[in-house]
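Please model the entire structure based on the sequences and the hints provided.
Here's the letter readout for the chains.
2 protein chains.
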Amino acid sequence: MTLSDVAKAAGVSLSTASRAINGSKDRTVNPELRDRVLAAAAELRYAPNAAAQAIARGRSTTLSLIVHDLTDPYFSSIAAGVSRAAKAAGSTVILGIAEHDLAQTMSLVEAARSHRSQGLVIVGGLRADTELLSALQSVIDDYRRATGAGVAIVGQGVLDVASVAPANREGAAALARALVARGNRTYAILTGPSDHLTGRDRAEGFTEGLADSGEIIALIEGDFTRDGGYAAMTELLSEAVRPDVVFAVNDVMAVGALAAARDAGVRVPEDVRVAGFDDIPTLRDIVPSLTTVRVPLERIGEFAVSLALGEDITDESATQEYEVVLRDSTN
Amino acid sequence: MTLSDVAKAAGVSLSTASRAINGSKDRTVNPELRDRVLAAAAELRYAPNAAAQAIARGRSTTLSLIVHDLTDPYFSSIAAGVSRAAKAAGSTVILGIAEHDLAQTMSLVEAARSHRSQGLVIVGGLRADTELLSALQSVIDDYRRATGAGVAIVGQGVLDVASVAPANREGAAALARALVARGNRTYAILTGPSDHLTGRDRAEGFTEGLADSGEIIALIEGDFTRDGGYAAMTELLSEAVRPDVVFAVNDVMAVGALAAARDAGVRVPEDVRVAGFDDIPTLRDIVPSLTTVRVPLERIGEFAVSLALGEDITDESATQEYEVVLRDSTN
DNA sequence: TGGTGCTCGGAAATCGCTTGCCGAGCGTAA
DNA sequence: TTACGCTCGGCAAGCGATTTCCGAGCACCA
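Those protein sequence lines, which keep their order, are chains A and B.
Start counting at 1 in the first sequence, then tack on 531, and there's your number in the working numbering.
Start counting at 1 in the second sequence, then tack on 531, and there's your number in the working numbering.
There could be a bad hint or two in this list.
If chains are identical, the list can't say which one is meant, so a pair holds when it fits in one copy or spans any two.
As the list claims (entries may be wrong) - Quick list of in silico lysine to aspartate or glutamate cross-link-like pairs, EDC-like style, CA-CA up to 16 Å:
1) K618 - E630
2) K539 - E662
3) K618 - D775
4) K618 - D632
5) K618 - E574
6) K539 - D726
7) K618 - E641
8) K618 - D600
9) K539 - E770
10) K539 - E852
These are calculated hints, taken from the structure and not from any lab test.
What follows is the structure in structure tokens.
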């Protein structure tokens, strides 16, 4: 079923059929003809060929989204927001999974370029390694040059690219202050790999928030995953001193830390308190319920889309909002 | 940067450039020329226009994936598998979120048709409503006819479409038997909306598994979500009799049930035991740890792709495997 | 040396659609 | 009645690739 079949069936020319169907601006088509075309199209169950349209119009209607791991609720929350905003903007989402691998990320950016996506959203996981980063930067520049489209990164703004991040520093600082106010003095931070920027920001924000009302007695790196949190917590617990509070830089790690504590026979919050970051809904029913910082991840995703698509009126409040949620794990 | 720019730069014709780049079969191109073309392409950072290729070749290289809710770990697990398999098959994933809405599902199928996707995977959430279902069926048939491509549904096979589902009945039955063997006699089932087929299958399988060694004293419907589980459990606990075990047809609902019990001051597993289904990794650290049935959701997603893509050698073991995992919540 | 059969570049058709341009037809005003 | 200006179909030229087909050039054999 091509458009020309429809035109034939309606007894009009190709151009008229095209104009009738996508109601071309600054051109009107006779209502009677239009209806005939529409009827024929419906009759034949015509669906326009998206690729042909893209090529004829000179631009596609896709938005490329790159995330590292869809099973991680952090990514899937943001992806959900991206997807919703894309739908609202009338774009189709092309999804790529990068598996925390910069090479894959780069090849997905190339794919986005091949598809001439109208926008590109890359979610998180940027490492500080300069050399690799500049390779990514150049691939992104190629993408921009080829498509003229926008790029948004959810995470830190290390690249020369619009970036949108939750209020990592501020949220972590506020969390620290709240913890200090509750009388906690000594702290440990379970952070991600040292070059992981989001983790770094949160750790630094937390440190700032403590100011000199609290002392950081340990900083342990681990994978940004549940198991990473478990391992880091296990390591921490094997040491002589035990902090009042353990701050894991995200909820998934905090859950791992909780499990490690449990397995080690250390009670939370009695023996040690634990806090996370993100307030992932799926983790709401963890026991003890997790003290954390709520950030609007889905809205961050939506904002990233509006950035990538270069929309004008953009509400960037999502990048500022955060809420410290004190729950049982730090009681 | 078009291919003809590359051809010009390399001093060859368009056809030669094309052949050099995608190494056309049954045609060889002079190595020297080929290298010149490749060099020019690299130099100019040429990226083929996917839309143009799709139209010229007469087929796209995309696979459309429709899920209902990316923030639900059930869907994101499957989506992760789909995405991985698509990558392996060299396809690009087009992602659509249907929000449990049949109308949106249908329009996403139309979109897949517009993109002439090589395959279509629809994940779950099929309701038994005949009328709507047949509308979906007809849209799917249109898709098939237009693309000649395959469709796979993850869930029940109510439509005339290849379907792939985890071992819902078998797994639930095995769970029931394991629970019976531990001496539990009375049961309640928290299921999804009555027309939700996966929930129904699991409930029925569970019932079969009990045979006459156990008695179902309540069957409560709720949303297929955490809150649905919470509400259903609350309702159950308000009744006079209390079952030995509550089986929620998925983990997310089971977590809600756990929370409801906790809020009602009912201890698990002392006062009542709770079991779920899926064994979602993110929920592994719930306390009390959840008895459930592990099904290989990611591999189910992969299998769905091979079905949709019409691959020959397909390992369908993922649809048979299950493992009853007894944990603290039914101790 | 002439004929035959390859190999392999390049010209051109094609995919399905959009859109610039031309011109037919009609209404209106002088 | 003539001229002018609109409105609105349709022809045809792209968009950026792939692929068919043609023919030039060369090797090989008789």
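Okay, the hints, checked on the actual structure:
Proximity of K618 and E630 under a CA criterion of 16 Å is satisfied inter-copy only: 12 Å between copies versus 25 Å inside one chain copy. In this assembly of identical chains, K539 and E662 lie within 16 Å of each other by CA distance neither inside one copy nor across copies; the values are 58 Å within and 33 Å between. Taking the shortest alpha-carbon separations for K618 and D775, neither the intra-copy value of 46 Å nor the inter-copy value of 46 Å comes in at or below 16 Å. Proximity of K618 and D632 under a CA criterion of 16 Å is satisfied inter-copy only: 14 Å between copies versus 28 Å inside one chain copy.
Within a single copy, K618 and E574 get their C-alpha atoms no closer than 27 Å, and across copies no closer than 36 Å, so neither meets the 16 Å cut-off. For a Cα distance limit of 16 Å, the shortest separation of K539 from D726 qualifies neither inside one copy, at 61 Å, nor across copies, at 44 Å. In this homomeric assembly, K618 and E641 come within 16 Å of each other (Cα to Cα) only across copies, at 14 Å, whereas the closest approach inside a single copy is 23 Å. When the C-alpha separation of K618 and D600 is checked against a cutoff of 16 Å, the pair qualifies only between copies, where the shortest distance is 14 Å, while the shortest distance within a copy is 22 Å.
For the identical chains of this complex, K539 and E770 are neighbours neither inside a copy (80 Å) nor across copies (67 Å), given an alpha-carbon limit of 16 Å. In this assembly of identical chains, K539 and E852 lie within 16 Å of each other by CA distance neither inside one copy nor across copies; the values are 56 Å within and 53 Å between.
In summary, the numbered hints that this structure violates are 2, 3, 5, 6, 9, 10.
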